[in-house]
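Q: As you go down the protein sequences, you meet chains A and B in turn.
Going by my numbering, the first sequence opens with residue 128, and the numbers climb by one from there.
Going by my numbering, the second sequence opens with residue -19, and the numbers climb by one from there.
Don't read these hints as lab results, they were simulated from the structure.
Glycine is no exception: its CB is placed at the ideal position from the N, C-alpha and C atoms.
Be aware that one or more of the hints could be misleading.
Said to hold, decoys possible - Facing chain B, from chain A, some residues (calculated, C-beta under 10 Å):
#, residue
1, A173
2, P174
3, E183
4, G185
5, S186
6, C187
7, H188
8, G211
9, Y214
10, G215
11, E217
12, T219
13, L220
14, L224
15, G227
16, N284
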Amino acid sequence: MTHRKGILILLGLGLITFGTAGVAVSDDGDRNGKRGGWLTARADVAPVANATYGEECGSCHLAYQPGLLPAPAWAQVMDPAALGDHYGDEATLAETLRTGILAYLTAHAADQASEVRSRAFAVGFDAHAGTGLPRITETRYFKRKHDRVPTSLVAGNPDVGSFSQCPACHRGAAKGIYNDSQIDIPGHGPWKD
Amino acid sequence: MKTSLVLALAAAGALSLPATLLAADAAAGKAGWSKEYPQSDGSPARSCVTCHGKDLTQPGRQANTGKVIEPLAPSVNPKRLTDQAKIEKWLLRNCKWTLGRECTATEKADFVAYIKTQ
């Protein structure tokens, strides 16, 4: 009896996973659908759900999900003076927008998130390390996950350019999907770890 | 009665004065568009063209991130120049990044006048 119940639960879970994945694939378009990434097409970090953040930050670059950096890091990035030299760009925001965005980033930061992959980005973060602004690409977790990716596929790849360009290879990046099945490196293809 | 008339005239004069000062010059805006400004930090000289390109009916590219910038020309992108707050935000940021200082009211009016003609 218990055994049969277990099977039913498993079947149910399978159906739920399938349903969710179906939506994700159709949203992602043909490129991801082709390789049938539906098994793992779930958000690894919560997608951006704040229109102001999406608009203000996303007009120049991917609106990186708040769950990719811990709250103290976002506080450094969103400091008024820091926004005047935002990784070499002028990104000054009106004070109401700035505080609103910072509140959103803080509430959904890596150290506050429930997603395992998101929480990994907070591990080992030291607000006092280094002199520049914190970078997602310099977190311990990011470095570990990318340490075997050769420079030729990133900096030396005109269609990628730098590790900051998540969506160039992680085709589901805008939706918070970063798992291996949705990696498609321009001029190279899927990533085999 | 006379005093109030004088006051009214003075007020009208004060209101029209900034408008005269800001008589926007599209030709000046066009010239300013491709004027290059050397950078003190050793990066290549910048102009509006660096990110927006010379042809405003075409998309541009953010010089640092490579993100596509929709065309600025209202003739192909009617949303442009319709949101005052947006115009001011970008003129502030982009003047500081490109010229290394805020633009004067005249410069801003000239840029807007130029973009309007595109």
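Q: Given G185(A) as an interface hint, is the shortest Cβ-Cβ distance to chain B below 10 Å?
A: Since chain B brings a Cβ to about 9 Å from G185(A), closer than 10 Å, the hint holds.
Q: Verify the interface restraint on A173(A): the C-beta must sit less than 10 Å from at least one C-beta of chain B.
A: violated, 22 Å
Q: Going by Cβ atoms only, is E217(A) closer than 10 Å to chain B?
A: holds, 4 Å
Q: May I ask you to test the interface hint for N284(A) with respect to chain B, counting a Cβ-Cβ separation under 10 Å as satisfied?
A: violated, 12 Å
Q: Go through the hint on G215(A) and say holds or violated, using the shortest Cβ distance to chain B against 10 Å.
A: Since the shortest Cβ distance to chain B is 6 Å, the answer is holds.
Q: Interface hint check: P174(A), Cβ to nearest Cβ on chain B, cutoff 10 Å. Holds or violated?
A: Given a least distance of 18 Å, the restraint on P174(A) is violated.
Q: Let me know if the C-beta of G211(A) comes in closer than 10 Å to any C-beta of chain B, holds or violated.
A: Since chain B brings a Cβ to about 8 Å from G211(A), closer than 10 Å, the hint holds.
Q: Do the numbers back the hint for L220(A), that is, is its least Cβ distance to chain B under 10 Å?
A: Holds, about 8 Å.
Q: Holds or violated: is the Cβ of T219(A) closer than 10 Å to a Cβ in chain B?
A: holds, 6 Å
Q: Report holds or violated for the interface hint on S186(A), using the least CB-CB distance to chain B and a cut-off of 10 Å.
A: S186(A) check passes; min Cβ-Cβ to chain B is 8 Å, inside 10 Å.
Q: Let me know if the C-beta of C187(A) comes in closer than 10 Å to any C-beta of chain B, holds or violated.
A: holds, 5 Å
Q: Less than 10 Å between beta-carbons is the criterion; does G227(A) satisfy it with respect to chain B?
A: violated, 14 Å
In this structure, the earlier hints numbered 1, 2, 15 and 16 are contradicted, and the remaining ones agree with it.
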